[in-house]
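Participant: Protein sequences appear in the order of chains E and P.
The numbering used here applies: residue 4 is where the first sequence begins, and numbers increase by one.
The numbering used here applies: residue 4 is where the second sequence begins, and numbers increase by one.
Do not take every clue at face value.
[Unchecked claim] Listed next, the in silico DSS-like pairs over lysine-lysine satisfying Cα-Cα at most 25 Å (straight line):
no., chain 1, residue 1, chain 2, residue 2
1, E, Lys63, E, Lys83
2, P, Lys83, E, Lys63
3, P, Lys63, E, Lys159
4, P, Lys83, P, Lys63
5, E, Lys83, P, Lys63
Keep in mind that the hints were calculated from the coordinates and are not lab data.
2 protein chains.
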Amino acid sequence: MATAEFWYEFASTYSYPAALRVAALAAARGVGLVWRPFLLGPIFMAQGWRDSPFNIYPAKGRYMWRDLERTCAAMGVPLKRPEPFPQPSLLAARIALTLEGDQRADFSRRVFMAEFGEGSPIGDRAVLGAVLEACGVEPAAMFERVQGHEVKARLKAECEYASEIGVIGAPCLVTADGEVFWGNDRLEQGLDWAAHGASAA
Amino acid sequence: MATAEFWYEFASTYSYPAALRVAALAAARGVGLVWRPFLLGPIFMAQGWRDSPFNIYPAKGRYMWRDLERTCAAMGVPLKRPEPFPQPSLLAARIALTLEGDQRADFSRRVFMAEFGEGSPIGDRAVLGAVLEACGVEPAAMFERVQGHEVKARLKAECEYASEIGVIGAPCLVTADGEVFWGNDRLEQGLDWAAHGASAA
Numbered sequence: 004m005a006t007a008e009f010w011y012e013f014a015s016t017y018s019y020p021a022a023l024r025v026a027a028l029a030a031a032r033g034v035g036l037v038w039r040p041f042l043l044g045p046i047f048m049a050q051g052w053r054d055s056p057f058n059i060y061p062a063k064g065r066y067m068w069r070d071l072e073r074t075c076a077a078m079g080v081p082l083k084r085p086e087p088f089p090q091p092s093l094l095a096a097r098i099a100l101t102l103e104g105d106q107r108a109d110f111s112r113r114v115f116m117a118e119f120g121e122g123s124p125i126g127d128r129a130v131l132g133a134v135l136e137a138c139g140v141e142p143a144a145m146f147e148r149v150q151g152h153e154v155k156a157r158l159k160a161e162c163e164y165a166s167e168i169g170v171i172g173a174p175c176l177v178t179a180d181g182e183v184f185w186g187n188d189r190l191e192q193g194l195d196w197a198a199h200g201a202s203a204a
Numbered sequence: 004m005a006t007a008e009f010w011y012e013f014a015s016t017y018s019y020p021a022a023l024r025v026a027a028l029a030a031a032r033g034v035g036l037v038w039r040p041f042l043l044g045p046i047f048m049a050q051g052w053r054d055s056p057f058n059i060y061p062a063k064g065r066y067m068w069r070d071l072e073r074t075c076a077a078m079g080v081p082l083k084r085p086e087p088f089p090q091p092s093l094l095a096a097r098i099a100l101t102l103e104g105d106q107r108a109d110f111s112r113r114v115f116m117a118e119f120g121e122g123s124p125i126g127d128r129a130v131l132g133a134v135l136e137a138c139g140v141e142p143a144a145m146f147e148r149v150q151g152h153e154v155k156a157r158l159k160a161e162c163e164y165a166s167e168i169g170v171i172g173a174p175c176l177v178t179a180d181g182e183v184f185w186g187n188d189r190l191e192q193g194l195d196w197a198a199h200g201a202s203a204a
């Protein structure tokens, strides 16, 4: 079975529609999907950015929010901008990395819906706790678990690996042969490549 | 008849496939197209960039060139990186602005094919002269004409106007109701909007 990796960051706006779309797109092409949460912070820092480029460059930020409005409207999903933007995504990323398989995907979609669909603060334990409960995970034990060294080291390694394989933003679709497709608008192209190789993309 | 503006910059890599695709996509939707050459330089300068962001941020540059290879391969068009990148595009932009209608589109496509299909230096008068002759335009008179104050002032005004309406990169598709769609990969979405409004995009 062809596989692909879906790299996403909870603070990333375009990761929201991508997270809602990607599973169905992969299934339709018979592509197995691995959800890989990571943090853009270290990648942005390496480029000299200490904030979202959508804040550093206001014209790009204005464009992005309007573009995201159009994207969400066309998908029929709500969009409510969280304040502040970007939201602190570290805790959500650690939790997602701790979960496995379908539970990771389910948690991730619910976090994005809370954050960008309802505008909720995803650095808030009450928000993440409610999401965890909706996923059938006991929040208190999870919050304790993700304070451990192992989870922190694993997320750090994921971020370093993302940078090594050429993930420069979020979301990215990465194929088994190492092609990187950046953006919500490239999911189809990346999954076509994963399913059929260069001839189909 | 629905109309849309196609804003492009001769130094812009993604403007190359867009320029080759946009006329057929617009015609298929019954959208009349206005070709609007401009310069990204002033817009980049306003963001503090004195070079292409693809050079300032090498990881983004590497991604872009690979992505462009895939895009051109899928279209069946050649790609040869011009050196240096970005190419000086001022003279080509002035000439394009001086030409009208189909001749402007024809000249523009040919400049892009020379630059990114063959890797030719488009700041070179010999290169532009050959393109002009292929378009049935006498080069010497054109080169003299575009040295005039009127053309320079007109191009400057175009760049200022582009910035005012939210053109933040190239290419952009701008609809009559003021929506901006940035990127070669957004031409279809922008033209759908131009043809049918929000309901179709």
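Participant: All hints are to be evaluated individually against the structure, with a verdict given for each.
Facilitator: Checked hints:
1. E/Lys63 with E/Lys83: 18 Å, holds
2. P/Lys83 with E/Lys63: 29 Å, violated
3. P/Lys63 with E/Lys159: Distance ~21 Å between lysine 63 of chain P and lysine 159 of chain E Cα, so the pair holds.
4. P/Lys83 with P/Lys63: With Cα atoms ~18 Å apart, lysine 83 of chain P and lysine 63 of chain P stay inside 25 Å; holds.
5. E/Lys83 with P/Lys63: 29 Å, violated
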